[in-house]
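Note that the protein sequences, when read in sequence, are chains A and B. Note that this note's numbering has the first sequence beginning at 4, numbered continuously upward. Note that this note's numbering has the second sequence beginning at 4, numbered continuously upward.
These are computed hints drawn from the structure, not numbers from a lab. Hints are not guaranteed to be accurate.
[Unchecked claim] Capping the alpha-carbon separation at 25 Å, the derived lysine-lysine pairs in BS3-like fashion look like this:
| no. | chain 1 | residue 1 | chain 2 | residue 2 |
| --- | --- | --- | --- | --- |
| 1 | A | K26 | B | K26 |
| 2 | A | K23 | B | K191 |
| 3 | B | K348 | A | K187 |
| 4 | B | K348 | B | K127 |
| 5 | A | K26 | B | K348 |
| 6 | A | K23 | A | K127 |
| 7 | B | K348 | A | K23 |
| 8 | B | K26 | A | K191 |
| 9 | B | K348 | B | K23 |
| 10 | B | K191 | A | K191 |
| 11 | A | K222 | A | K23 |
| 12 | B | K26 | A | K187 |
| 13 | B | K191 | B | K23 |
| 14 | A | K127 | A | K348 |
The residues making up each chain are set out below.
There are 2 protein chains.
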Amino acid sequence: MGRPRVVIVGAGFGGLAAAKALKRVPVDGLLIDRHNYHLFQPLLYQVASGLLDPSEIAHPIRTVLRRAHNVDVLMAEVTGIDVPGRRVLTSVGAEPYDMLVLAAGSTTNFFGIPYLESHASGLKSLPEALLLRAHVLDAFERAAACTDAAQRARLLTFAVVGGGPTGVECAGAFAELFRHVLPKDFPKLDFGEMTLVLVEGMGELLGTFAPRLGRKAAKALERKGVRVLLNRVVRDVSGGALVLDDGQRIDAETVIWTAGVRAVPAAALLGVRAASLGRIPVTSTLHLPEHPEVFVIGDLAELHERDAPLPMLAPVAIQQGRHVARVVAARVAGRPEPSFRYRDKGTMATIGRGAAVAQIGPIHINGFIGWLMWIFVHLVYLIGFRSRTIALASWGWNFLFYDRPVRLIVPPGSKEA
Amino acid sequence: MGRPRVVIVGAGFGGLAAAKALKRVPVDGLLIDRHNYHLFQPLLYQVASGLLDPSEIAHPIRTVLRRAHNVDVLMAEVTGIDVPGRRVLTSVGAEPYDMLVLAAGSTTNFFGIPYLESHASGLKSLPEALLLRAHVLDAFERAAACTDAAQRARLLTFAVVGGGPTGVECAGAFAELFRHVLPKDFPKLDFGEMTLVLVEGMGELLGTFAPRLGRKAAKALERKGVRVLLNRVVRDVSGGALVLDDGQRIDAETVIWTAGVRAVPAAALLGVRAASLGRIPVTSTLHLPEHPEVFVIGDLAELHERDAPLPMLAPVAIQQGRHVARVVAARVAGRPEPSFRYRDKGTMATIGRGAAVAQIGPIHINGFIGWLMWIFVHLVYLIGFRSRTIALASWGWNFLFYDRPVRLIVPPGSKEA
């Protein structure tokens, strides 16, 4: 009789935390992901806006898990789950399990608007961020060579949809790129023709923060030249323009969509009924009610606390990843399984160079102190000495010189591109 | 009457040197390239082998030329040259010129072997280097999941063809990745099954160096576990294996082709007859004999000195780029045009961590001193404080810890990849 085999699907915040925590549990682990790297998704917008290189926010999974000798890594696409037979089906074969931890995360929610799906950029993967960076810089190159004023205005209009932390951080970062860096590279382009607009459906930015912080963020963005449109919903897309619910058209070559995420479609693979946003309801010990051997964590899991589902945030996923290892350890040892409780350590969002908002329980912080806290927290969570050093140097460099140095158009595409 | 318009095609070493040097010449310059960055091609193998990020060896052209106020930049593909009408035809329109500087460089020479063109990696562009990095790391991931011994051996066989500086540097870099870094990431893989072979057609590596240095390089590579095959020519490719002229078959999943370059096919665009390797013969003042207004420099130009064409090397291109600006300045001022003479400052190649060979006239250097010289020279030629700092730190890090930290599989491809 071997040790129980625990298969983890997904090397995001939740899956990686689970795999690391299994190090001290007497099981054989296998972590499956379709990429060979763990991605620090919340900083993708810094890659898209030319401040960081991919290798600062992505780290090889095998390297992160070098010391977890009982956990193997498999790079493969998961194609199905055989729940009765206890097997994960992948692009390179079937993997049997005694316990399964599904941590496959979430994906951009385009709310079924087909044009968006093909023309707007989400910010959930590294290729998406690199494509967005190439697309934005390419728009400036094309505008510089364009003699038609209307076409040029369209090329120089950038719409960020969604006023949550990702949208706010993204708009702030691009505003700095457009105001402080690119004018030096394009001295003949009239930056008065450039428009950066942030569209939010609710009456405040950063809806999950205190209203005061949302207003501070809106003011900070407007000082950077961002047009902030509140209470406006994207109704449709027609002829390459965003159409808002008040009839306003925004002719934008670039649309960055941060207005929502939804769980990856894993409920169908399990044959269970999905809750809101495709999430899978779990017990307080983080498994399916009918299948205690199938755990679901992170964005993919729906667990209610105080009458609301836990938010789709990295800290929830990390805490659940660690907790699932505790539940597995308890089950292997025959001890009672502990219930999960989320400890909210606060949330924060940076609005660019030297400014951030943070909310830690009743304490609200904004401005420079918020920014220093933001840097400290992100350095703690980034992986590896090299990433931390270069990211810290890049943030300091950006603060001193307003520069965003990684401005390469390397579009995913052909060998010869 | 405006100032003469000088159009430069290509922002490699030659074109960029010409554009910078035109800063002080009373002309209006335009530099056209299909990329928005200048690429430090000789270090591409360090991106492919996971030591450097793209942004350390590629730099936005517009940023490099910020102080050359009389030189514009256009990102476009050149589709034709109208020599009688003095216009460059591009993907975004025609650009008239009074003088043209063609600096479009060279491309991998696959010698017409069709399988090679589709299956082997050249090392001339950033997407090629990123694709090669993804391909090599993917081969290890697939080998780790592979239960068939013959298939696994094939996945773990890597052939570098060409024993010039690029092939030697490439083999050395991959040998370090395979021997010192990946075994820690793949503890269950038997690295005895791994083969790295370097195939060279002549009797020595580094044919342009003194024979003693070629022998030193071969010994250094063999100590790193590289199988060095001399006097072997790739005859054919059949069933996914390289077939050498002695009948030997090498079943390799990965073939890196550094066995030659040829000029880009620009001679046909000009309607002139190409010399060897597609190069375009020029006068000692670097223009076409029949068209003094059309200059050709760098890898694309053929100029004989001491009965041999000048080599296709960065220093030749840089010196010719600076020289062409001097010829243009002389012509504008009505002064006699100076002839070009190449000053050979020596050549060098690194064989990995802490070892390089260098040849400066009669002086031959190898080992650690050669490596320090190599680092110094490359820091001087890299562009930008950030690139230099990170590259120096990476080389030091590699020397101390044998690490090659940028091991991300981000294949050029789909948005979702």
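Evaluated hints:
For the given pair, K26 of chain A sits about 61 Å from K26 of chain B by alpha-carbon distance, which is inconsistent with the 25 Å threshold. For the proposed pair K23 of chain A and K191 of chain B, the alpha carbon gap of about 18 Å is at most 25 Å, so the pair holds. For the hint linking K348 of chain B to K187 of chain A, the alpha-carbon distance of about 35 Å lies beyond 25 Å, and the restraint is violated. For the hint pairing K348 of chain B with K127 of chain B, the CA-to-CA distance comes to about 23 Å; that is within 25 Å, so the pair holds.
Using a Cα cut-off of 25 Å, the hinted pair K26 of chain A and K348 of chain B is violated, with the two alpha carbons roughly 55 Å apart. Note on K23 of chain A and K127 of chain A: the hinted pairing holds, with a Cα-Cα distance of about 23 Å set against a maximum of 25 Å. Of the supplied pair hints, the one linking K348 of chain B and K23 of chain A is violated, its CA atoms being roughly 53 Å apart against a limit of 25 Å. Pair hint K26 of chain B plus K191 of chain A holds up; C-alpha atoms about 17 Å apart against a cutoff of 25 Å.
At roughly 21 Å between alpha-carbon atoms, K348 of chain B and K23 of chain B fall within 25 Å of each other, so this suggested pair holds. Between the alpha carbons of K191 of chain B and K191 of chain A the distance comes to roughly 58 Å, so the proposed pair goes past 25 Å and is violated. Restraint check for K222 of chain A and K23 of chain A: the C-alpha separation of about 41 Å exceeds 25 Å, so the hint is violated. Between K26 of chain B and K187 of chain A the CA atoms are separated by roughly 17 Å; this keeps the pair inside 25 Å, and the hint holds.
With a CA separation close to 53 Å, the supplied pair K191 of chain B and K23 of chain B exceeds the 25 Å bound. Distance check on the hinted pair: K127 of chain A and K348 of chain A sit about 23 Å apart at the alpha-carbon level, within 25 Å; holds.
Comparing the model with each numbered hint stated earlier shows that hints 1, 3, 5, 7, 10, 11, 13 do not hold.
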